[in-house]
Amino acid sequence: MAEALKHTPLHSLHLALGARMGPFAGYDMPIQYPAGVLKEHLHTRASAGLFDVSHMGQLWLTAKSGGYDALARAVETLVPVDLLGLAPGRQRYGFLTCESGGLFDDLMISRYGDALLIVCNAARKAEDEALLRARLSGACEIETLDRALIALQGPRAEEALSTLAPEVRDMRFMDARQATMGGTASHVTRSGYTGEDGFEISLPVEEAEEIAMALLATDGVAAIGLGARDSLRLEAGLCLYGADLDEATTPVEADLSWAIPKVRRRGGARPGGFPGEGRILAELESGPKRLRVGVRPKGRAPVRAGAAIFAAETDAAPIGRVTSGGFSPSLDAPISIGYLPALLAKPGTCIFLELRGQKAPAEVVALPFVSHHYRRA
Amino acid sequence: MLRYTADHEWLKREGDVVTVGITNHAAETLGDLVFVQLPEVGARFNVGDGAAVVESVKAASDVFAPLEGEVVEVNGAIVEDPGTVNRDPQGAGWFFKLKAADPSAFDALLDEAAYRATLD
Chain A
8 MAEALKHTPL HSLHLALGAR MGPFAGYDMP IQYPAGVLKE HLHTRASAGL
58 FDVSHMGQLW LTAKSGGYDA LARAVETLVP VDLLGLAPGR QRYGFLTCES
108 GGLFDDLMIS RYGDALLIVC NAARKAEDEA LLRARLSGAC EIETLDRALI
158 ALQGPRAEEA LSTLAPEVRD MRFMDARQAT MGGTASHVTR SGYTGEDGFE
208 ISLPVEEAEE IAMALLATDG VAAIGLGARD SLRLEAGLCL YGADLDEATT
258 PVEADLSWAI PKVRRRGGAR PGGFPGEGRI LAELESGPKR LRVGVRPKGR
308 APVRAGAAIF AAETDAAPIG RVTSGGFSPS LDAPISIGYL PALLAKPGTC
358 IFLELRGQKA PAEVVALPFV SHHYRRA
Chain B
236 MLRYTADHEW LKREGDVVTV GITNHAAETL GDLVFVQLPE VGARFNVGDG
286 AAVVESVKAA SDVFAPLEGE VVEVNGAIVE DPGTVNRDPQ GAGWFFKLKA
336 ADPSAFDALL DEAAYRATLD
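Here the protein sequences line up with chains A and B, keeping their order.
The working numbering puts the first residue of the first sequence at 8, with every later residue one more than the last.
The working numbering puts the first residue of the second sequence at 236, with every later residue one more than the last.
By construction, these hints were calculated from the structure, which means they are not laboratory data.
Nothing here was measured: the structure is a model prediction, and the numbers come from that model.
Take the hints with a grain of salt, since some may be wrong.
Here are the computed lysine to any residue pairs in the SDA-like style, where the Cα-Cα straight-line distance is at most 25 angstroms [as the list claims (entries may be wrong)]: (1) A/Lys269 / A/Leu91; (2) A/Lys46 / B/Gly285; (3) B/Lys334 / B/Thr264; (4) A/Lys353 / A/Ala373; (5) A/Lys296 / A/Glu216; (6) A/Lys366 / A/Ser378; (7) A/Lys46 / B/Lys332; (8) A/Lys269 / A/Pro282; (9) B/Lys247 / B/Lys332; (10) A/Lys13 / B/Thr264; (11) A/Lys305 / B/Lys247; (12) A/Lys366 / B/Phe270; (13) A/Lys353 / A/Leu374; (14) A/Lys46 / B/Asp323; (15) A/Lys366 / B/Asp323; (16) A/Lys366 / B/Gly326; (17) A/Lys46 / B/Lys247.
For the chain A half of the interface with chain B, some residues (derived, Cβ under 8 angstroms), not all of them [claimed, not checked]: (18) Gln39; (19) Gly234; (20) Ala308; (21) Gly333; (22) Pro336; (23) Ser337; (24) Leu338.
Note that CB positions come from ideal geometry on N, CA and C, so glycine has one too.
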């Protein structure tokens, strides 16, 4: 039957903290701790939350010859972002694309010296690694890192992490730095998946529990489960691969065009040259047929993934579908993300959502639902 | 004496009217409720029909009619403040009252010991 669930290096810590565990992408993960999703969510927004995201994939890439430029040019054949222009110590959001123009996975890519550290979704890491090895092995060394990954998110994240590594105070949003924490060499980025200021810390498996416990012992830090991780990212309008993003959805439809810089578009210095370039470049110029939007139901009932979207209450044929939906603890109201025909994807448009056999009125709104609080300056 | 169902509901009988709610165990498992939808007074249900809906941040769950009957009263307070169900599931957090078609069916439901045995 089902394969045994894998454990992250923090598994026994989760059990000791009284987490309710559940399966996620082949791992036994903490869904929530005794405080519960609602309190964990609000705690992260108000103070600082520690998340075990060690189930995510971590790949270390270096060029076989030719240094960083050769590596960047190779990875750019799969990822439509500007890696050649990525400075050492900086991080970028990006994605692998399919020949169809759809999304193969979304990624965080950090440059350390002449190497790139790619963090990818747990549910896609085997596919991503296979693709990278098949397409880039001629030019690159690809090492799968068996390391822990801890996210520390929230307005008090800097205060907490700087007790272990004071140098992180100098980091700004999307900076990437090697830092030493009590003798442990780690890779730290100032980024995350909550919309808050915060960090993601890649560190050796053997040191993970000690560092996590040290952070949890810091004033204002609490352990946060995957339940609140999902509600936090939803409020921040951030995409979940497999829900809001998939192989049938282009980055332009997903409203991720901002991640594809001019240099990779038509008329740029390195236009195209990635899977699905035909469709993606055309959509960047003439617009997509459908677009990812934020949706606020007018009632109090959450409208969740899979619900059909209608233009009018009496319509039988849906015009789109909800891809993520739930309850926003910060807004004390339901929120959803979905796809609509581009012409209807304007904030203020009234739509109807399928809800237990009825059609619930809702409004298209701009994303994010809750403002980001990144440390940009 | 309370009765229970394997779907983690409790029932209290007064004559032919039965008050229905969710158990402490159910409330704890669901986590903080953020939305409750109750049936209309006058709605008729068969055993196992979906009568109410509860939602946490994470997920939606049905509350089933444990007996055949007609809804005679609902607890609007839990719609206004779903947290009432988490704070006092077997008291102030009751859901609805059913006028049972066959009040004796109440006695055939699980008693507390039998319900507790389903939790192990």
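Broken hints, numbered, in rising order?
Numbers 2, 3, 5, 6, 7, 11, 15, 16, 17, 23 and 24 - these are the hints that the structure violates, sorted from lowest upward.
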